[in-house]
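Chains L and S, in that order, give the protein sequences. Residue numbers 1 to 221, in our numbering, belong to the letters of the first sequence in order. Residue numbers 1 to 512, in our numbering, belong to the letters of the second sequence in order.
Bear in mind the hints are in silico, worked out from the structure with no lab data behind them. Virtual Cβ for every residue (Gly too), placed ideally from N, Cα, C. Hints should not be assumed to be uniformly reliable.
What the hints assert, rightly or not - Per label pair, the in silico range of CB-to-CB distance:
id: 1; chain 1: L; residue 1: SER194; chain 2: S; residue 2: ARG230; range: 19 to 29 Å
id: 2; chain 1: L; residue 1: VAL95; chain 2: S; residue 2: PHE432; range: 42 to 52 Å
id: 3; chain 1: L; residue 1: ALA187; chain 2: S; residue 2: ALA35; range: 43 to 53 Å
id: 4; chain 1: S; residue 1: ASP461; chain 2: L; residue 2: VAL84; range: 35 to 45 Å
id: 5; chain 1: L; residue 1: ASP73; chain 2: S; residue 2: PRO18; range: 43 to 53 Å
id: 6; chain 1: L; residue 1: HIS12; chain 2: S; residue 2: CYS85; range: 41 to 51 Å
To be verified - To give an idea of the interface, some chain L residues facing chain S are shown, with a C-beta separation under 10 Å as derived from the structure:
id: 7; residue: LEU16
id: 8; residue: THR20
id: 9; residue: LEU165
As the list claims (entries may be wrong) - If you want the footprint, here are the derived chain S segments under chain L, 3+ residues with CB under 8 Å:
id: 10; stretch: 20 to 34
id: 11; stretch: 61 to 68
id: 12; stretch: 157 to 165
id: 13; stretch: 380 to 386
Below are the chains, spelled out letter by letter.
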Amino acid sequence: MRGPLTTALVPHLLRLTPRTPMALGTATPLAVAVLPLALSTHLAPGDAALLLRVAAVLCVFPVAFALDDPAADTTATVPFPATVRRLLRLALVCVPSAMTWTTCALLLRAAMHPYDRIALPLPGLALEAAALATATILLSALGLRRSGGERGSALAAPGSVLLPLALALSPAREQLFAVPYGESWHASRWLWASALTVAAGLTAVLLQERPRLNSPVSVTT
Amino acid sequence: MSARAMARVESARALRHPAFLVAVLLYAALWAYEAWSEGWSGQYPVLQDEDRYTQVTLLLPAVGALIGTNLAATRMHRHGAQPLCEVLALPLWRRTLAHLAAAVPPALVAAVLTGARILYAATAPTAVGSPSPVELVTGPVVVLLAGCAGVALARFTPSATAGPFAVLFLGALVLSSALGARGMKWVGPVGVESEFAAPLPAGLMHRPALTHLAYLAAVTGVLVLLALLRSGARPLPARAALVLLVATAVVTGAVQYRPLPDDLAARRADAERHPGDRQRCRVAGQVTFCAFPEFLNRAEDWRRVTDGILGRVPAAERTGPYAVRQRLFLAGGGEGVSATPPLQAWAQDDTRHRTPGAVTVGTGWGTDDIGGGEMLSFAVRFADRVVSGPGREGAPTGSMLCRARAVTVLWLAAQATPETADALRSLDRRSFGGVTLTTLESSQALSVSDPEVRVVLDLLDRPTAEVGDRLKSSWPALTDDRTSTERAARLLGVSAPANAEQASEGTLCAAR
């Protein structure tokens, strides 16, 4: 029963995807990634990793707006679990963002000398991007709790830019954003994997629908 | 009157805004983490560099201010109350002015944070140099600019996407400056210098700090006027002021890129070739330390290293007096090791100032990879001078320490302080086939092969006093580079790697 309903829901949720953040979160990382190819520059592995990290921050940006639901008061009465609706909303933003990131990765890899390409660890860098995206979803879920399910982006959008900036300025930046295959590369992957796991766990808890004690909609005159 | 009241309310709200509070808390947390993880013992601040480091960390409060003021200026729109504003007696441009005034308190908080930060660095017992007030003011002005940018942006679009995306744009400008992108260094809020560049005496620095401050002030003015014009301020005077400020921003922006002035280039060249003319010296025991006046307090840190080395040398072998001279090598740095230092000029300078054979020390010092490398490099040069006697400063560039003497010199240098021992361990992790210690990132270097490094690392795990006693009792054999590495290891109480002799085949050591 739920399968056809889910399918029926997709076009409506698609219409509600945050268009401006999606456009910015697609155009800017692609511009960053295509620049070295356009300038015919052979990127060093370190520079390619840095640009891919910048692209990841830009790709994650629309994720901050994915869970926003200005009509939360109304949609609370929809006979469909809020958790499933939220997961669908996330999928509609996260999948294109992941595709944008992958395109950026391929573009930057293409801008490297063929001998250097092996030195760009895409799975390890994808782990960073995934952890950043999950942390943004976690902030969005927290924002939803604080805004009655309406505006997760109020917390997630500033968080999605403050968090990477704080990490980049932290004294531990060389351990976090480690040089690919450098001294702290493998240790940093464990760190990102742990962050991803913790953020995913907390997000799963926060995205659960809260039991309603009162009527979901209060009508005032 | 009511605009002033609104400014007061908005100012208080700006300071209490979650985005600004979180940013300040993150700033404080990062500072606390840095202080806790490094402590004062691991910090060697050079205050004419520390002043600009305060600017980069203030980007966090700047981001908080931008998001906070942007959300405040779009508050009515987000709450769907915009139509109600039409009935307010206070015109929109005056309300905008109140929002712009609310950008000042976060800038004042940033000024307090900057003051606290530089005070913290200056009170470190190892601090040298003096900060530039202009560089210190720049950080708070960046926060003010960010706050005004948030309001101006709100007057162009009420979109919730705009604020955070403007932050990403700001970040891109800083990143471009940090990466040295052509023509981008001074466009953004902060002009980032190469982290590989050694500190310079304040009088030899080339940073257009005052021009950059004027540029930031002009850009802030442009943002203020744009916000006011969009809000319906009287167009004619505001437009005239806007044109003037845009012109100022363009001119100051361009002036920032003026090349190194000729007189500064001449002073730099003179300080590089004849440092003795500008330096003061301090005698401590057997060693004379000469440095640029603002770095003279660093002699205490150098002395800990020289004392640590001389204390392990038999009294009869300390053929002092020794001299240590601080030097600059402006062609050195992160662009690859290739340039040759002016050894001849340095030797003549030493002779003229009665410090023949003075050991070179740079302006960098610290416990990170770069500073630790400088520290260990100086320790090895000094230990080499002690073991082999005077006259090596004029030696051909590039030199290899071999066999027993390599073990002795490297151990003396590494055991001098716990920090030099850590620096060797760190360098070993980052090196392959031995270690190379350059003089101020030039082509002059001392190298030690891998077997000798392994022996020294083993020795560092043994009691220093015991190894020191063994060294003193076998000094002649252990300072002779014809003594094999195996024998040196045996004499010092450890075993050498099996392939110690084969490892030197094909190197300069094999020819000796």
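Now the hints, each set against the structure:
1. L:SER194 <-> S:ARG230: 19 to 29 Å: Roughly 47 Å apart at Cβ, these two residues miss the hinted range, so it is violated.
2. L:VAL95 <-> S:PHE432: 42 to 52 Å: Between VAL95 (chain L) and PHE432 (chain S), where Cβ atoms are some 43 Å apart, the hint holds.
3. L:ALA187 <-> S:ALA35: 43 to 53 Å: With a Cβ separation near 23 Å, ALA187 (chain L) and ALA35 (chain S) fall outside 43 to 53 Å, so the hint is violated.
4. S:ASP461 <-> L:VAL84: 35 to 45 Å: Between ASP461 (chain S) and VAL84 (chain L), where Cβ atoms are some 60 Å apart, the hint is violated.
5. L:ASP73 <-> S:PRO18: 43 to 53 Å: Since the Cβ atoms of ASP73 (chain L) and PRO18 (chain S) sit about 23 Å apart, the hinted range of 43 to 53 Å is violated.
6. L:HIS12 <-> S:CYS85: 41 to 51 Å: 33 Å, violated
7. LEU16: The hint is violated - LEU16 (chain L) has no Cβ within 10 Å of chain S, the shortest such distance being about 15 Å.
8. THR20: 5 Å, holds
9. LEU165: Hint on LEU165 (chain L): holds, closest Cβ of chain S at ~6 Å, below 10 Å.
10. 20 to 34: holds (count 6)
11. 61 to 68: n = 3 at 8 Å, threshold three: holds.
12. 157 to 165: holds (count 6)
13. 380 to 386: violated (count 0)
When each numbered hint is compared with the structure, violations occur for hints 1, 3, 4, 5, 6, 7 and 13.
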